[in-house]
Each structure stands twice: as structure tokens, then as C-alpha cells.
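Given chain A's structure and the hints, the job is docking chain B with the ligands onto it.
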Amino acid sequence: MKHTISVLLQNKPGVLSRVTGLFSGRGFNIKSLCVAETLDKGISCLTVVSHGDETIVEQITKQLHKLIDVIKVTDISEHEFVEREMILIRMKAESHTRAEVLRVIDIFRGKVVDVSAKSYAVEITGSASKITAAIDILRPIGIKEIIRTGTIAMARATKTK
Amino acid sequence: MGKMSGSQAVVKCLEEEGIKTIFGYPGGAVIDLFDALMDSDINNVLVRHEQGAVHAADGFARVTGEVGVALLTSGPGATNGVTGIATAYMDSIPMVILTGQVPRALIGNDAFQEVDIVGISRPCTKHNYLVSDLDQLIPTLREAFYIAKSGRPGPVLVDLPKDLMASQLTYPEKKDIKISSYQPTYKPHPVQIERACKKIMQAKKPVLYVGGGVILSDSSNELRELAIKLNIPVTMTLMGLGAFPGTHDLSMGMLGMHGTYTANMAVAECDLLIAVGARFDDRVTGKLEDFAAKSQKIHIDIDPTSISKNVKVDVPIVSDCKKALTAINEWFDTKSDINLSDEADRHMPWLETIHDWTVKHPLSYKDDDIIIKPQYVIETLHKHTEGKAIITTEVGQNQMWAAQFYKLDYHRHFVTSGGLGTMGFGLPAAIGAQMAFPDKTVIDIAGDGSIQMNIQELATAKQYNCPVKVAILNNGYLGMVRQWQKLFYNKRYASTTMDVAPDFVDLAKAYGALGLRATTKDEVEPVIKEALATDNIVIMDFKIEKEEGVYPMVPAGKANTEMLLV
Ligand SMILES: Cc1ncc(C[n+]2csc(CCOP(=O)(O)OP(=O)(O)O)c2C)c(N)n1
Ligand SMILES: [Mg+2]
Chain A
157 MKHTISVLLQ NKPGVLSRVT GLFSGRGFNI KSLCVAETLD KGISCLTVVS HGDETIVEQI
217 TKQLHKLIDV IKVTDISEHE FVEREMILIR MKAESHTRAE VLRVIDIFRG KVVDVSAKSY
277 AVEITGSASK ITAAIDILRP IGIKEIIRTG TIAMARATKT K
Chain B
422 MGKMSGSQAV VKCLEEEGIK TIFGYPGGAV IDLFDALMDS DINNVLVRHE QGAVHAADGF
482 ARVTGEVGVA LLTSGPGATN GVTGIATAYM DSIPMVILTG QVPRALIGND AFQEVDIVGI
542 SRPCTKHNYL VSDLDQLIPT LREAFYIAKS GRPGPVLVDL PKDLMASQLT YPEKKDIKIS
602 SYQPTYKPHP VQIERACKKI MQAKKPVLYV GGGVILSDSS NELRELAIKL NIPVTMTLMG
662 LGAFPGTHDL SMGMLGMHGT YTANMAVAEC DLLIAVGARF DDRVTGKLED FAAKSQKIHI
722 DIDPTSISKN VKVDVPIVSD CKKALTAINE WFDTKSDINL SDEADRHMPW LETIHDWTVK
782 HPLSYKDDDI IIKPQYVIET LHKHTEGKAI ITTEVGQNQM WAAQFYKLDY HRHFVTSGGL
842 GTMGFGLPAA IGAQMAFPDK TVIDIAGDGS IQMNIQELAT AKQYNCPVKV AILNNGYLGM
902 VRQWQKLFYN KRYASTTMDV APDFVDLAKA YGALGLRATT KDEVEPVIKE ALATDNIVIM
962 DFKIEKEEGV YPMVPAGKAN TEMLLV
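Chains A and B, in that order, give the protein sequences. Counting the first sequence from 1 gives a position; this note's numbering is that position plus 156. Counting the second sequence from 1 gives a position; this note's numbering is that position plus 421.
Chain A on its own, in the form it takes in the complex (with noise of 0.2 Å):
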């Protein structure tokens, strides 16, 4: 199973290679990671989608949490959430796709960033399904290069009855 782990962390060198060296000497797997900084300069948010049954992501989750400079540890995937990638592509747009290639990415909401004679470079956010459905839609077209973040994602707000 799918499982997005958003954790804490104090801002500190080495501390990216903590985490990504537990997933490694651990054998678990990283889908995609994504790490900044927070309000708090001090503390870092990384945001890693992993998958395994539940005895690993309860590893997971655990040995995270015994490191030193972890600070908060939450599989937010148990509950309800929104979660967003980003990708830059870099699409042919010669005179006859031009028009094609905003048409598509006016679909997925997507924008144009920066402009050439023979391509357009567009940004597109959604979840990984939504990237993913976009990429297989412009690949007919001509992607000439694709840029693509992990996942960020944020539980959502508890509703009060």
C-alpha cells in the first residue's frame, strides 16, 4: 500500500542523509521525498511517499521517530488529505501542435512559463495521478523534457460537527 509519511525535522546538516540513509540500509522504499523549510527556520518538513504492508510502514514510521532529529513523525495517508506534485515540461510546439499543446494543458490547468520559436515550457500541479495522466496525454505530442517534484502533501482540516 501507498503511504505518505510527513515528518519533522530539525534543520541541521546531515539530517536529509539520516532519513534517506535509514530507507536505504533498512531496505525500504522511497517513492518520492521532498524536503524544505518550514515557518520555523529551525525545522525542516520532508514529506516521503513509501510503500509497504503495514508491518514495514509501522517500521518506517518508528524508526523515523528514533531519530535524534526528528521531531514529528505522522502517516498522513490514514486520514483524509491533499497532496500536490508539480512538473515542468518542455513540449515541442512547432506552428501545427502549437495550438494542441494549450489546448491540453488549459485542460489540467496547467500554464505556460516560458516560450521559444519551436517549444513551450508549461507547469502543471495536481495530484501524482492528475501529473501522470497529463505527461501520457502530451507524450503523443512531443515532450522534449520533463522536470518533476515529489509529493507535498497536508492533512486536511478536521470538519467540526
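Quick caveat, the hints were computed from the structure, so don't treat them as lab data. Think of the CB as a built atom: it goes at the ideal place given N, C-alpha and C, for glycine as much as any other residue. Do not rely on the hints blindly, as some may be mistaken.
Distance windows between CB atoms, simulated [as the list claims (entries may be wrong)]:
1) B:Leu985 - A:Thr211: 27 to 33 Å
2) B:Glu594 - A:Asp270: 55 to 61 Å
3) A:Asp196 - B:Ala587: 33 to 39 Å
4) B:Asp556 - A:Gly298: 54 to 60 Å
5) B:Asp537 - A:Val269: 34 to 40 Å
6) A:Val269 - B:Ala532: 58 to 64 Å
Frame of chain A; chain B with the ligands shown alone:
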């Protein structure tokens, strides 16, 4: 307050932490530190190899329960220490390893004797630091000691750039250490204790399965109280030996791959397994699906990651072992509706079954009138030390025979590399133990292969008048590996014959130690008596039966009930 150098501050901090002995080896990056140590009362032991320093500090920590400290230079000094660090990590030993580092300005430049020891040691330390800021030097060291000894203990490495050691600083006031992201759980949850106690009440065939956590938390007394009060038989892991008296009627000895028939049968048949400070290691469980398959399980451990890692448990208790055992004991003592002696009597049929197993297949060996059997050597050592010696071991058959036949009654008296199985551990660890207890008999039970891995430490022992005794069970083979080849590799003995070995008696002499040899059974006792009566270091070279195997043995991947017996 006046200023002092970084290295003086480090030494002052060590003193503040109560450190009396450290083990080290100098080099360019740590000259300042060794210089500052000259003005301190700290006993600074110069080893002969950095691996020896770390193992010696480890041995010191295991027998005292205090934090062991090693001081190594940068580059090769640090890398030489890595095996020792990994050894301590696997067995959760509280240690602080200080390594020198090149000056900060050179870090990352492939400077002379620069190595990224923080990177290298990351997976085999509980935590580690590169101090990059003078202000952080002492706070970091204090934090390192705190982390090493709190929660589940472990080695912490602090890498110290040389320029910081020469800089001037004002020594900071001692402050309480609080790390928001590190707060081990010490106290058991009362609900879980209640659940555990009720399970114990219902059990007809309980077993206490006890590991190194009981020793690390110094809870042998609490364990003994519980076992005796309720008549619960006890089995110990290699790391748990000594946690419960090995000569007590309730002791079933060690379990697992080379465990006793009784212990493995009892675990297979029990209806309640009470795991205390043990981690369901593969050498203990054998085939996982069949391990204690008929039982409910209670698991007490301070490290949540140990719980339900390999085996699902019914009652997890994240807690210091001592606190949890105390809570369980109190629960039974304060429940007025419980008659303790009835509870204890309830287990009598179970204890009889266990007794029958022991009668049927006791731990045994075929003795010989002339050829020396290793088990006989261990039993004779036990007899003449009255079971009171501190035993360290190397790794291999020697280690297993020591575990099986030196019936330990005291905790912190068995010092062995359990998790990593590090050959070469026993001699330096014995030196560390002897430093801690100069008046005790300390014996390294060794193999002829392992002893050669850190034999240079004999010089350290000599220099510091550490009269350790080394008993080499000399079979001329890397015996344990050979045993596997014999049983599972069609007797194809690849690289396990030590065709050339030193004359250990002459070797002892070369180091200023006493060397003694026994080649027949009748020579064993006189050699041991003479060794124990000698103030000097002694190497006893016992030429043992070369083909002797360690039994019982559970073949790898088999269930523990599928033991090969003698
Ligand atoms: C550093 C290290 N290298 C290799 C091994 C693998 N190993 C385990 S037991 C053993 C044989 C040990 O031989 P010896 O010390 O003579 O002990 P014996 O089994 O003969 O009693 C070896 C090579 C190990 N445990 N540690
Ligand atoms: Mg041998």
C-alpha cells in the same frame, strides 16, 4: 570565568561527566587533546590499535554501566574504530567516541587524514555530530553523553576539528539537557501493565525470555523477584546471560540457535511468552512462523522499534525494563485477592514438564580421558573461579561454549559481542573490564583465530598492569565456520584451517606475559590453577579436540524444535 582552550574544555567536560578512564590513540588531529589530558586525573590508556580502544571502552561500559569513552585521531584512526563502534551499536552500549578532524577550513578538501567519519558512522551510531562552531563544543559533548546513556543506550560519535581544540573559549555553565525531538519513554503505561498481569494470571505455561535490556537497565533483582515469586522459568539470550542466575532451578539457560533443548522446547510449548529487553533476533527465533507459536506475547522494551518488528505481540509495553518489572511485581504484591503461593503452585506441572526435558536432553558433551574437550575447560574455569570471574569472549565456538558452560550467576559479568559477532572483541574488552575492576578475575575465552585479530593489545595489558587471563580453545580451525561447512557444505573446508599459527606460549613470553599450555585433559586443571594464581597476564593454550562441535544446534532457517543434538 577565565578562558581556556577547546581541548582543555573538552577534558573539563569529560571530568564533569565523571569519566575516570578513557582509551585512545594519538595523531595529528588530536595532539591538543592528548596534551590537555596530561594535566587531568583522567586515566588515559594508550592502546595498540584504535579498534582495541573502542572495544576496551565498550568492555569498560558493559561491566560498569557507565559511559565508555574512546579518543581517536582523524582519518585512519577514526576508520579503525568503526568496527568497535558498530559492535557497541548492535549491543546498545553507552559510549562516546571522540574523533579528531582536520581544521574546519580544510574540511571537504581531501586534506591529509581527512575522512567523513560522521558520514561513515551514521548508520552505526545512535547519533553523531561534527562540531562546527566553538560555542557548540561543550553543549554538543554534554548532549552526546546524555544521548549515549539515556533511552536505549548506544554509541555517540563527536568529530572535533583541530582548529577548535586550539581556540580559546569561556567554559559554559552546566544546564539541564532537553532535546525536544528526543524523549524516550521510561514509564510503562498502567493499562498495559494491568493487561500483562492479567495474562500472566491466566497462563498455565509461562516463560520469561530475557535479553540484554535487563542488564542495561540493571533490573536483575526485579526480574529475579518476578520469576521466583510466580515460579516462572527463565531463558536468556546471549546478551541476557547473567540477568538471572544460571545455576538457579528456574533457569533454562540460553535459547536459540545454540540454546538448550529445554529452553527451545519450553518456548515452543509455552502459552505465554514474556519478553523483557529482548528483540526477537534471528539467532534466537529460528524460523519465525514457528517461534513461540502457541503463545500469547508480552513484550517489554524501551525501544518502540523493537516491538512487533519481527513477531507480533499481544501486549506491547514501551518502558524501561526496571520500571515495567517493578510495576508488575507491585501489581501482584498489592492485589489482595491474589494468593501468590497459589499462583506459584499453579505452574508446578509446567515446571515438571520442563524438568523432564532437561532430564531427557541436558546440556552435555562426550568427555574424554585424554583429549581436552572445550566444555571441560570452561567447566573447570567455572569451578576454580567459583563462577565469579568476569568472562569476555571472542566469537565462534569458543563464545558459544562459554555461554553454555560458564553458568553465570551475576549480571554485567558476561561481555560478548552479540549483535555484530566481532572476532577480536574479547581481549581488548577484557582489558577495559579489568581497568574497571582491577581486583576481579577477568578471563577472555578465546579461539585461536579470533585472538589473532587484536593480539597486539597484550602490550596494552602489560603496560597498564592489567592481569587479564586468556584461555584459547585452540582447535587450529576457524571452528564455527568449519562446523557449518561440515554440516551444510559437504565437508568442503574452504579457508577454515589455520595451517600456520604462532606458538601462543612463546608469543605470551614475547609480550612479557606468562604462557601455559595444556595438551591433555590432566594438564587442564594445573594450568588453570597456575594461571589464576599468577599476577601477570596469562595466555592458556588449550589444545582441544579439533572436531568438537557446538550442540544443540538449530540449522539456519529451521524451527527451534528441529535441533541437532549432541
Ligand atoms: C571480524 C570477523 N570476521 C569473520 C567472522 C566470521 N566468523 C565467525 S566465527 C569464525 C571462526 C572463529 O574462529 P576461532 O576464533 O578460532 O573460534 P572457534 O570457532 O574455532 O572457537 C569466523 C571466521 C567474524 N565473526 N568476525
Ligand atoms: Mg578455532
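Okay, the hints, checked on the actual structure:
Separation of B:Leu985 from A:Thr211 is about 31 Å and conforms to the stated range, judged on CB atoms against 27 to 33 Å. Taken as a hint, the range 55 to 61 Å holds for the pair B:Glu594 and A:Asp270, whose Cβ atoms sit roughly 57 Å apart. A C-beta distance of roughly 35 Å is found between A:Asp196 and B:Ala587, which places it inside the suggested range of 33 to 39 Å. Separation of B:Asp556 from A:Gly298 is about 56 Å and conforms to the stated range, judged on CB atoms against 54 to 60 Å.
Distance hint check: the CB atoms of B:Asp537 and A:Val269 are about 39 Å apart, consistent with the given range 34 to 40 Å. At about 43 Å, the beta-carbon gap between A:Val269 and B:Ala532 misses the expected band of 58 to 64 Å.
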